[in-house]
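Colleague: Listed here are the chains, written in short residue letters.
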Amino acid sequence: MDIFNLSMQAVLGQLLLGLVNGSFYAMLSLGLAVIFGLLRVVNFAHGAVFMMGSMLAWIGLTQLDLSYWIMIIVAPLLTGLVGIAIEKGLLKRLYGLDPLYGLLLTFGVTLLLEGFFRSFYGVSGMSYNVPDSLQGAVDLGFMILPYYRGWVVLASLTVCFGTWFLIEKTKIGALLRAGTENPKLVQAFGVNFPLLVTLTYGFGVALAAFAGVLAAPIIQISPLMGSNLIITIFAIVVIGGMGSIMGSILTGLSLGLLEAFVKVIYPEASSTVVFFVMVLVLLLRPAGLFGKEA
Amino acid sequence: MNRNRMQYIIGALLLLALVLPYVAYPIFLMKILCFALFSSAFNLLLGYTGLLSFGHAAFLGTGGYICGYVIRNLGYPPELGILAGVSCSMVLGLVMGGLAIRRQGIYFAMITMALGQLAYFFFLEAPFTGGEDGMQGIPRGRLLGLIDLQSDITMYYVVLFVTVASVLFIARVTTSPFGKVLFAIKENEPRAISLGYKVDRFKLLAFVLSGALAGLAGSLQALMLGFESLSDPHWTTSGLVILITLVGGVGTLIGPIVGGVIIVVLEQKVGDIGTWLYHLTSIEWFNTLGESVSIVTGLIFVICVMSFRKGIIGELQDRWKSP
Amino acid sequence: MKMKKVALAVMMLTLSAQALSQANKEPLKIGFITDMSGLYADIDGKGGIEAFQMAIDDFGGSVLGRKIELITADHQNKPDIAAGKAREWIDQQGVNIIFGGSNSGTALATAKVTDEKKRLYINNGAGSSALTNEQCSPYTVHYTYDTIALSNVTAKAVMEQGFKSWYFLTADYAFGQQLQKDAARVVEAGGGKVVGASKHPLSASDFSSFLLQAQNSGAQVLGLANAGGDTINSVKAAAEFGINKKMKIAGLLVFLTDVNSIGVKNAQGLSVAIPWYWNQDEEARTFAGRFIRIMKRMPTMNQAGDYSSMMTYLKSVKAAGTDDPDKVLTEMRKMKINDMFTKGGYLRKDGTMMHDFYLYEVRKPEEVKQPWDYYKLMKKVPADQAFNPLSESKCAFINK
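Chains as they are written, first to last, in my numbering: chain Y, 1 to 294; chain Z, 1001 to 1323; chain V, 2001 to 2400.
If you're looking for bench data, these hints aren't it; they were derived computationally from the structure. Please read these numbers as outputs of a predicted model, since none were measured by experiment. Backbone N, C-alpha and C define an ideal beta-carbon position, used for all residues, glycine too. Hints are supplied without guarantee of correctness; some may be wrong.
To be verified - Here are the computed lysine-lysine pairs in the DSBU-like style, where the Cα-Cα straight-line distance is at most 35 Å:
id	chain 1	residue 1	chain 2	residue 2
1	Z	1310	Y	92
2	V	2118	V	2164
3	Z	1269	Y	88
What the hints assert, rightly or not - Chain V residues, not near chain Y, derived (Cβ > 12 Å throughout):
id	residue
4	2094
5	2215
6	2245
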C-alpha cells in the first residue's frame, strides 16, 4: 500500500521513531502541566532541568563511574532537590504577582543553568553509550528497532500514566487539586500546603530530569539541548490544555506521531508544525483540546 | 522636580551620543542604537499597553531581511529598503496582532511565541535569506541619492537621527489621547471596555506601531552591518528584548535605551570583565566567563525579577518622586 | 639621596627609550576565528590556536622586528559573529590578516569582509569550494582542502568499487550543500545516480529518521555530506539501526578525531581523503609528537594546515619586507611549499593551494597497532587530479 507515493514500510518506520520522540514529549509536557496546573507557574526552566538530568548522567558515568541504572534514580533526585531550592528561594516570593514574572524568573534560571554547564563543557555534543543490558536491536522487517528505544517508550508510558493516576485518582492528588482552588481551606484541614507545593515543583522537575537520563544515549548531550525543546513543550501543553495532565500526555504522544508523518512529506517543517497546530487550537478551542477553563 | 532631572539625563545622553563615534567603535555604537530602538518599540507594547509579546524577534528579522533583499537583490536605494522593511513589518504586525489579540495574558504571549516561531521557520527555509549562512553583502549606497553611507561615522549619525526621531515619536504617542487609552487598557481593561472604547482596535494599532518600529530597527541594523542572519528572528532575541526592557524599566521612556546600552555593552565586554576578575582572584573559572554571557544575563534577569522589577529608570523615577 | 635620584633618572630614560622604540614597532597582529566550543571544536578549535602558536614560536616569535601577536575568537558557527569580529579587528586593531577555521558559512562571510577591506584571508578549516569559485577573491587563500578535492578523491574511489546509486545526508548550510553538489557531479559524471537526499540542521541531535529515509530509498551508498559531530553521530546511528549492513557508508569529510569518537569498530572500512596524516612520514610524526604532548590528541589535517599556512605567511612577510596584503600575496604566489604538511605545494591564481591528496581507509580493529594509527594508505592522488583545472573555475577573475 502506498501513501503519498511512499511505501508503508517507510511510513511505519518513521511513525515508530515518532512514538519514541512522542514519549519524551509526553513526559516533559507532563512535568510542565503538573507545575502549571497546580502552581500556576509557567516553568521555563523545564528544558534546562531536562538537560541537567542528561548532564548529571553523563558526569556520573564518565567522572564517577556510576552506571546508567544508578544515575536514572540519582539524577532526578538531585535535580529535584535543585528544583526545591529554586521554588523555596525564589518562586515562592512571586506567587502574588502576575504569572508572567514566574515565567521571566524561570527564564533567567534557564540562562543560569545553561551558562553554568556551558562554561565547563562547551556546546559540542557529548555521547553517552547505551547501557550494556539494553544493547542490541530487533528486526521488525520494515526497520531495525534498537532495544533501547523500546525501553524508552515503555519507561515513559509507565511514568506518565503513573503520575496521571497519582494526581487524578489518589488522595494526595485530590489534596493538590483542591489546594489550587482554595489553599486556605486545605490548610485549615491541617495540610501543610506550601510544603506540598514545593514538593510538587520538585517532582515536576525530577520528571524532566528523568526524561533527560532516558534521552542521554539517544541524543547528543549538550548544555543547549533543552533550549530548543522547551518551546515545543510549551506548545504541547498549551494545545493539550494548560491544566490537563492527560491532555499533555496524549498531545505529546500525538505530536511525536504527527512530526514523524510530516518528516516523510516535508521534513524541514517537522519541528515547526506544532506551532501551526498551536495557533489553530488557540483560535478555535482556546482552553486547549482537553482543557477545563473557558 | 524629577522631570527636570530626567531632562538633564536625556540631554547629557544626547550630547554624549553626538561625540561618541569619534572615540568608540561606530559599529558597536550603532548596534546599541538599533537595540535601543527595538526595545523602545517593544516597550510601547509591554510598558504602555500591558501586552507581553514573546515573538517580537520576528519583526527584527523581517525588517532586516526585507530591507536587505530590496537593496541587495533588487538594487533599490537604502531609503526604499528601509521603507520596505517597515511596511512588511506593519503587515506582519497586523497578522500577528490580529491573531494574538483574541486571547489575554499568558495565552497572548504563547500565541506570539508560536507565530514568532513560524516566522523563524519562514526565514530559515526561504531561499532569499540564505538560511544558516545568512544574507550577506548588503551595500550601503547613498541615502536619498545625497548622503554616502559608506563612512561609518556618517552612517552613525543617520542611525542616531532615526533612533532619536523614533523615540520622540513614541513619546508623542504615549502622551497623546491615543496613548492614554492604551494606558487605561493596561491598567484596567474591563473598565476601558465599559467606557465604550473598542479596546481590540487600540491593541491592534499598538501592536502594528510596535512592530513597525521594531522592523525599522531591523532594517537599520541590516543596512549598517551589511548582513542579516538567523540570530535576529530567533526566539532568544525575543527573550533578550524582554530582559533589556525589564532592566531598563518597563513603561519608562528611556528605560529601554538604558537597558539596551547595558546589555549590549555587557555582551561585548563580559569577556574582558571575566579576565579582570581572574587576575583579581586567580580563579581559573573566571577566564571562561567570557564564553558564558548566559550566566551573567541569567543572573541579571533573576535579580531584576526578584527585587528590581521597576528597572533602573523605574527605580530612579520612584526615588525622585517628592514624598 | 643623590644616588637614588640618579638611579631614578636612568630608569626613566631607559623606560622612555624603550617606550619610544616600542611605539615605532607595533606588534604584528594576526587574527584567528574558528569554532572553539561547538561541533567542530575538535577538528580545529583550540588545537588550531596551539598549531599557529607553534609555528609562530618556531619562526622566532617576531618578524621584521615586530612581535607577532595572535588574537583569537570563537564564532560559535554563526556567520554574523565571524564577520563582525573580522570587521572589528580590521577597523579597530589594524589586523591585516585573518586565518579562518571551520564552518564554510562563517568562512564565506569573513571572506566577504576581507575582500571588501582588501586584507588577507587564509582558510584551513572550511570546505566549500565556493571560496575559490563563485565567491572568490584575490585576497582569499584556501589552504588545506575543499569540497571538490574531497569529491574527486572519495566519491570517485567509492564509485570505482562499483557502488553507483547514492543517497546523501547533508548538513543544511553552505558546506553540506556545496559538498553534495560537488559529489553529485562526480557521481553523475561516473555514470552513477543520485537517488535522493535528506537535509539535516547543523548539529542535529537525532539522525534516526533521516537514516530511515535513506534506507528506504534503496540506494547503495549513503553519502555523508557533513562533518565533525554530525558525521560522528550519523555513523553511530547508522550502526545502531543496522543501516551499515544494508548500505555502503561514504564519509565525504572525515577527520581523525571523528574516527576516534566513533570507534574503529563502527568506522572500519570508511574511505578517507586527506592531504595529511600524522603517520605519513618522519616530519609529520615529529610535529604530531609535539602537538599531542600539549593537546593530548593527535593533530588533524586542519591543525597541520594551520601550522604550515602560518609558516608560509610569515616567510612571505619576511620576503616582502612588509605585511601589506598585496605584497605578501605576491611573495606567497612565488613560493614552493615544502614542509611537514606537503611537498611541492603552490598557490594558484584562484586562491587554491595546490597539493597532493591521499586516499586512506580506516583499519579493522585488529589491524590497529598503536594508538591513533587508524588509517592505512590506499593510494596517492596528485594535485592536478584532486582539484579541478582552472578552465572549469567559476571564479569571476579567472577565464575572463
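Colleague: Each of the hints needs a verdict: does it hold here or not?
Modeller: Verification of the supplied hints:
no. : hint               : result
1   : Z:1310 with Y:92   : 19 Å, holds
2   : V:2118 with V:2164 : 44 Å, violated
3   : Z:1269 with Y:88   : 33 Å, holds
4   : 2094               : 31 Å, holds
5   : 2215               : 7 Å, violated
6   : 2245               : 9 Å, violated
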